[in-house]
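A.B. asks: This is what each chain is made of:
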Amino acid sequence: MIWQLDLIILTFVIFCGIGAITIKDLLGAAILFGAYSFMMSLLWAIMGAVDVSFTEASVGAGVSTVFFVSAVFRTTRRTKD
Amino acid sequence: MVDLLTIIISKYNYWGYIVLMMIGLYAMIVKKNLVKKIIGMSIFQTAIIFFYVSIGMKKNATIPIISHGHDGGEHAVHAVDFINPLPHVLMLTAIVVSVATLGVALALAIKVYQQYNSLEEDEIDSQIKVK
Amino acid sequence: METIVSIRPFLAVLVSILAVPLIVSTRRTNFREGWTFFAAFAKFSIIASMTPVILDGVEIEYTIAQVLPSVAIKLKVDAFGMLFALVSSFLWIVTSAYSIGYMRRLKEHSQTRYFCYFALSLSATIGVAFSANLLTLYLFYEMLSFATYPLVTHHQDMEGRSSGRKYLLFIVGSSIGLVLPAMLFIYHMTGTLEFTQQGFIAGIVPPKLIWILVLLFVFGFAKAAVMPFHSWLPAAMVAPTPVSALLHAVAVVKVGVFCILRVLTGVFGTQLLFSSQMDTVVLYLASFTIIAASLVALSQDSLKSRLAYSTIGQLSYIILGAALLSPKGMIGGMMHIAMHAFGKITLFFCAGAIFVATGTKNISQMVGIGKRMPVTLSCFFIGSLSVIGIPPGGGFISKWYLILGTLEADQRFMLFILLSSSLLNAAYFLPIIYKAFFCTPEESLFENKIDEAPPWCLVPLTITAICSIFLFFYPEPFFSLAKIVSVGIFSGQ
Amino acid sequence: MKWFGFIAVFLCGSLFIYGTVEFPGWGDPLSPTSTHVSPYYIEKTMEDTSVPNIVTAVLADYRGYDTMFETAVIFSAGIACLFLLRQMKRKKTDFRLYRHTATGITFRIEKGGKLPPTAKEFERIDGLWTPYDLIIKTTGRFIIPFIQIFALYVIAHGHHSPGGGFQGGVILGASFVLFAISHDLRSALNRMSEKLTAFFYTLGVYIYAGTGALCILLGANFLDYSALATILFVDPVTARSHGILIVEIGVGIAVMAVMVILYYNLVSAGKFDEGL
Amino acid sequence: MSQHFPAFIIVIPLIAAFFIFTAGWLKRTYCFYIAAVALAISLFSSFGLLLQVLQNKVVVYHFGGWSPPWGIAYRVDYLNGIVLVVSAAIAFLNLIATKKSVEKEFIERVGPFYALYVLFVTGTMGIVVTGDAFNLYVLLEIASLTGYALIGMGTEHAALASLNYVFMGTIGASFYLLGIGYLYIATGSLNMFDIASILPNIFQSNVVLFAFVICLTGLFIKMALFPMHTWLPNAYTYSPSPAISLIAPLTTKVMVYVMIRILLSVFTPSFSFKSMAVNTSFVWLAVIAIVVGSILALSQQSLKRMLSYVMIAEIGYMVGGFWLANRAGITGAILHIINDAAMTLCVFLVAGNILYRVPGDSFDNLKGLFRKMPFSMGAFVVGALSIIGVPPTCGFFSKWYLITGGIAAGHYGFVAALLFSSLVNVVLFFRIFEIGYFEPFGDLHISGSMDEEEKTFDDAPLGMLVPLMIVAAGLIALGIYTDTLVTKVIQFAIPGGIS
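Chains as they are written, first to last, in this note's numbering: chain A, 4 to 84; chain B, 46 to 176; chain C, 7 to 499; chain D, 110 to 385; chain E, 53 to 551.
By construction, these hints were calculated from the structure, which means they are not laboratory data. You may find that some hints are simply not true.
[What the hints assert, rightly or not] Cβ pair distances, simulated, as ranges:
1. D:Val130 with E:Ser327: 14 to 24 Å
2. C:Ser51 with E:Val518: 31 to 41 Å
3. B:Lys104 with D:Ile245: 41 to 51 Å
[As the list claims (entries may be wrong)] Calculated cross-link-like contacts (lysine-lysine; reagent style DSSO-like; alpha-carbon spacing at most 30 Å):
4. D:Lys304 with E:Lys151
5. B:Lys174 with E:Lys419
6. D:Lys304 with D:Lys246
7. D:Lys380 with D:Lys198
8. D:Lys111 with B:Lys77
9. D:Lys153 with B:Lys104
10. E:Lys79 with D:Lys223
[As the list claims (entries may be wrong)] Just some of the chain A residues that point at chain D, by a computed CB distance under 7 Å:
11. Phe18
12. Asp28
13. Val53
14. Phe57
15. Val66
16. Val69
Just so it is clear, CB atoms sit at the ideal spot from N, CA and C, and this is done for glycine as well.
Chain A with its partners taken away, still in its complex shape:
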């Protein structure tokens, strides 16, 4: 484990998180949330939590994003904040 790498990815995670809640387009937010989850799974892999990372990659970055996209598809992309 290299802590510098860990720190860089953590920064990415935080940026993705902030991006996901600030972007004024729900589809974009969903995709950014997917990126967030993926970065998170990388972070966990670095920390040695391979199983958790694997699950997050498939659940968080994969299926959750699909759920968000389909929910946005059934509702609206528009958002005021």
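Given chain A, put chains B, C, D and E in place with the hints provided.
C.D. replies: Using the frame of chain A, we list chains B, C, D and E on its own:
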């Protein structure tokens, strides 16, 4: 200087989880859009998972899979060599819980949208008041 | 004191509750009222069967359920409770008969409900009379409050609703707001709530708190209608007259007074009251109520309101009698529970009979009514004699003992209060009689033809009137019971 | 509101950061977490269950009861979604779009009407139908089998490598979702109908809870897989290993089916007619 | 077989849930019967378990044969034994009582409804019975998720209310999880009793303090203690009536149980009640909850909404009673968990019965109900008297203990708040009685005939009434047997150190 660095190294992951948790909490408190709130909720839950994973971390240890699989019991397994598996187990459960919550929350959001034709809380509130 | 364990007190409480399902399930009106009578007779005979035992100085106990550590829902019959239970259960029989006449004649709705709640109220009343501790007392007190609510609001109209609100506000509000904390506080300090002859909190509760507790109880039992917690009683007069008669002249209001007396003697004890000088405070509260209520009664035109204010005043006689802390005063107070009950119920029955026969509620319209309803108005006269305290009314005896009590306790001012209030009583009752019988014919609204209320109304009121005269000549067993109480309370001194 | 929220969150965060002061250092091998309970798992897993992946062993055996409820959570999410969104009756106002395959002419039938199934030359299309989806379809068809094989491998090989029922189940579910996205919802429903999905996710949880209940019937405590030794004809340690595999398969099936049903419900808003 | 009771309580409903869901596709009428059988077995087992507890003090069950702290163990003692029986009884009675209204409201979704119902019960009872802090979280999430779904199917703004509940509930549950994480970081263990054995060595650590605060915050949100109550009124108002009469009695009360369990068994009283000032401030929080809940209840115009504010006040009773930190107060809190659950069930069942016959539960719709539904309203009167706190109903006795606790602790603010809330409850419920009894106004006493009652009589079906009557009778029975309950069970549930 070196001391400060050690402190930072030893704690920044915990700080990271706090920052993420607060991002999630902020989104849930301030944002008016329901899907945004749900995203905030997911971030909030992930932050806690992150916290647990950080707890499990152990320096100079490897992933919790015993590599010398089935070659008999002669190789003693030392606890210091492996990362703590327990938080990982807990977090597998927590991830699944969070995706389940996400599914239900999104279903509810769709139902809300079908009813009010809007996802913005303030617009919905004004609709409720008009009625 | 000797005690025996017997289920009879519990049966006495239970019998009218058990009558409720029978009353509800019976569709035929005659049978329904038959059940009421049956329950009333059963109740009276159970209670009467216990009287000889009590007169022998024995007490009867029965524990229903252990609900809190060291406090049970428990019944105990002593002379005081017996006196009250005898009066109320006997008058229930009479009132049941009267109710039939009154309700049928006026074609009231929901008579089934009426008889049910009446039976429940009587259960609660007997329960209060036989309570062995403060918790049981509170339980039946609240039960009585809620059971009488549908009776007070029987007409289900706007007026009924506002009176019902007032009724609940005063009665339930004061019992939850004042009695409950006081009771809990006593429980917290002493760990028991069991009534004793001499009180059980002396020496445990700091003297400073005594007067707060006494006031909490005196005002908290708002059924006793001590001013300023009295205004529910005139409001409750919207109820059908039998309700006003039995409940608001006998059962409910006397329950309030009974509770106050019970708590003052059984919890605080006479010695503690005397040493903390709370007797004086209670005396002045009671005497203020007596005078003020009598004065207000003078100004009332509605007959039932006048009777109600009269009741408020008379109730405080009883409290005054107890607060004199003298054996004779205590006997007077106890006797007044019985004497006033017979007198006042007669008056209410008469008011109801007048309403049934003529539809008149106001005194100013009753000019010359005596010629139309001579029996009713004669009974009214007897009743008012009893309440004023003129022989041969039974009330004379109780007032006599009250006056003796003031002398014994050396409370001259109270003597003055009693006498002046008797004058006031006369002032608000006798004009009615005068107008009814001796007015000039042209002022009268009524023809000189005799047209009495139906016999179901008339007979009960005649019975109670005769009883109140009879009690003047032979005040037993009430007098013996009162004496046992008084001896029990003051023997320790 | 924004500033209020920000300040509240900031204060809360500072408080939390203050709370980390006394935390043991990150990755400290001497912290209570690394010394109290977890060493037992690391050192005894091989003896107790002969599963090299400690996480799998703890997940499905030592704390297998948690995992059963985790499956139950997923199961309830599936039912909840179905309960909330599924519309059993079609609304009268719904319309359908049909396309004549030969000519490409599209027409719509309103008020809930539909063409008879014998009209083979027409195909039903989505409201947002795109004509050029051949590449996507073909790619999807090409990679879906590989994804599914991989998923099965992840489920089966959870004893030795990262992975297990959840991950495999999710991937398997994702493959169906991919099919539904690359084709359309109706053809996905043809292959994996709603009832079949429901059957699968109840089956998955039955397998898990049933294994546990079987252990009671065999005289041990709930989920004590060593009791399975008598019917699997192996020694108790291997029986634990096998027990873990059985429940992982159950978890895999349940998770797969729930992911699919969640997707179906969300993407069609409960109507099960058209999706992404 | 009896040694497996702890497993049966949870596992049988769980397996039944799957069967019910399958039966929903095959034949809908079976769903109810499967659920009834499962919950009956669960009730029976929990009763058997309580008897075992009375005999052996503690019953421990090791899942997977692993002993704690490595495996998950259920540990039933006096505290959760009694809560367990009450929850199982409530779930069972409510199931029977709401059969008709479920058939009416969810005709197409009977299968999923009963599956969710039984899963909710599984989750709730699991929370009560578990001895593992993390297992509690998972079960909490099951109970919450099913709860969200059940509430979300209600009327009007149910979906939005349920979504808000999702957000608040998730924050609450996540905070709880975080608190457990802090405990884990400090002790390395997840088993409640193992943690309790380690904690005394590190009481001064501020990690433990943070764990305490975070856990408590999460639980307060979940139990809807003022000011974290915002999710509750809407969620309970709009939810379908068969669901709410299950959710309302169980959710918040069980969370109070969790609070008591965590603070008494995990943190132990010597930590939880360390500082008098903290105790007092929590009691003041409860006082505010009671007062605000009561006042807000006064301003409501529909039955279910009013009842939900009453429940917010009732939460204050329990929390305040617990934080009085003396024996009487904690006895009162535990007793009130049981009693409040029973009386909430009673009043919400009546609300369900009313909604079965009447289009809405706003006060305008309640006119003339005493004439129309005398039996339901009779039960409502019993429930209301219990909430007001009139003897011999059970509400009086828990209030008794709470108030004596308040006096013993010298906390007169709490005593005053309880009395105030009782008085407000009198106003609240008698307002409803008045509407049901007096309105619509008419000259009944002049024109009314005697048999008018029969003409307009239209009470709920017998299948709904009988369980309701059992519950109403139970309120009185609970009151009369209070002393048995306290001396046989509850007093052993409180650790010895508390005077």
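A.B. asks: For each hint, tell me whether it holds in the structure or not.
C.D. replies: How the hints compare with the structure:
no.: 1; hint: D:Val130 with E:Ser327: 14 to 24 Å; in the structure: holds, 21 Å
no.: 2; hint: C:Ser51 with E:Val518: 31 to 41 Å; in the structure: holds, 36 Å
no.: 3; hint: B:Lys104 with D:Ile245: 41 to 51 Å; in the structure: holds, 46 Å
no.: 4; hint: D:Lys304 with E:Lys151; in the structure: holds, 25 Å
no.: 5; hint: B:Lys174 with E:Lys419; in the structure: holds, 26 Å
no.: 6; hint: D:Lys304 with D:Lys246; in the structure: holds, 25 Å
no.: 7; hint: D:Lys380 with D:Lys198; in the structure: holds, 8 Å
no.: 8; hint: D:Lys111 with B:Lys77; in the structure: holds, 10 Å
no.: 9; hint: D:Lys153 with B:Lys104; in the structure: holds, 21 Å
no.: 10; hint: E:Lys79 with D:Lys223; in the structure: holds, 29 Å
no.: 11; hint: Phe18; in the structure: violated, 17 Å
no.: 12; hint: Asp28; in the structure: violated, 17 Å
no.: 13; hint: Val53; in the structure: holds, 4 Å
no.: 14; hint: Phe57; in the structure: holds, 5 Å
no.: 15; hint: Val66; in the structure: holds, 5 Å
no.: 16; hint: Val69; in the structure: holds, 6 Å
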